[in-house]
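Sequences listed follow chains A and B, in order. Here the first sequence stands for residues 10 to 142, where the numbers follow this note's numbering. Here the second sequence stands for residues 10 to 142, where the numbers follow this note's numbering.
Hints may contain errors.
It does not matter which identical chain is meant; a pair holds if it fits inside one copy or across any two.
Stated by the list, open to error - Calculated lysine-lysine pairs in the DSSO-like style (CA-CA distance at most 27 Å, straight line): (1) K89 with K19; (2) K89 with K124; (3) K52 with K89; (4) K52 with K124; (5) K62 with K89.
It should be emphasised that the hints constitute simulated quantities derived from the structure, not laboratory data.
There are 2 protein chains.
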Amino acid sequence: MIVRDFNELKNTNRAVSNEQWTSVRMLLADDNMGFSFHITTLKAGSDHTFHYKHHFESVYCISGNGQITELDNGTTHEIKPGVMYALNEHDHHRLVAGDEDLVMACCFNPPVTGKEVHREDGSYAPADELEQA
Amino acid sequence: MIVRDFNELKNTNRAVSNEQWTSVRMLLADDNMGFSFHITTLKAGSDHTFHYKHHFESVYCISGNGQITELDNGTTHEIKPGVMYALNEHDHHRLVAGDEDLVMACCFNPPVTGKEVHREDGSYAPADELEQA
């Protein structure tokens, strides 16, 4: 059994961040669960465009508020505690945090290795490209 | 993109419950994400023994308090907001909710179909046994 505490990991190298967001990697590929699990905090007012071309991701809002827009058709959905979105079609999307930080529980399949960086197109590379790099 | 709201689903047949717990199925196998995602509430004071012999599960505590015990070796861990446990060895375990309801974000691989029931040994049947049933 693996037991980990977000409040401890957030001060370690399992927390990846930039000015707009922090992602704490609770489970990564090397945990061999078949998915990765992250607690991601997006700062109030921050604005993100992502396009996970090689991953499925589900995102559940624990706290905060914001909006997600499907960039292929312009549809916007309100994000509030209890709302989940799932990118089952590798959806190109824009996520904007409202006047509170968004705290989100995120699952990725295939699991994130922890070595990915967001590329210019908002995607993560597939794991086999990372291995070749 | 799939968008679902826990606060709507909890009043539908996506919520499965007994006297001790309620599990709201945010994502199931037929969503084709490769995992399922559930928000599970375990009533204060309730006591559960589970053994997912055919699934990996991670469980993240959103709110509440309790304890998990590894039944193979007796080790007990405190559960509080921010703590996650992952059953990476199909661990036989006992979960006891404390003086508040435990609200947990749960990921299963392989994804739960929604047709499983807990068997006497605390497991869910593998999906291929369900298909044969």
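We went through each hint and held it up to the structure:
For a Cα distance limit of 27 Å, the shortest separation of K89 from K19 qualifies both inside one copy, at 23 Å, and across copies, at 16 Å. In this assembly of identical chains, K89 and K124 lie within 27 Å of each other by CA distance neither inside one copy nor across copies; the values are 30 Å within and 29 Å between. For the identical chains of this complex, K52 and K89 are neighbours both inside a copy (14 Å) and across copies (24 Å), given an alpha-carbon limit of 27 Å. Only within a single protomer do K52 and K124 lie at most 27 Å apart by alpha-carbon distance; the minimum there is 23 Å, versus 39 Å between protomers.
Taking the shortest Cα distances, K62 and K89 sit within 27 Å of each other inside one copy (25 Å), while across copies they are farther apart (35 Å).
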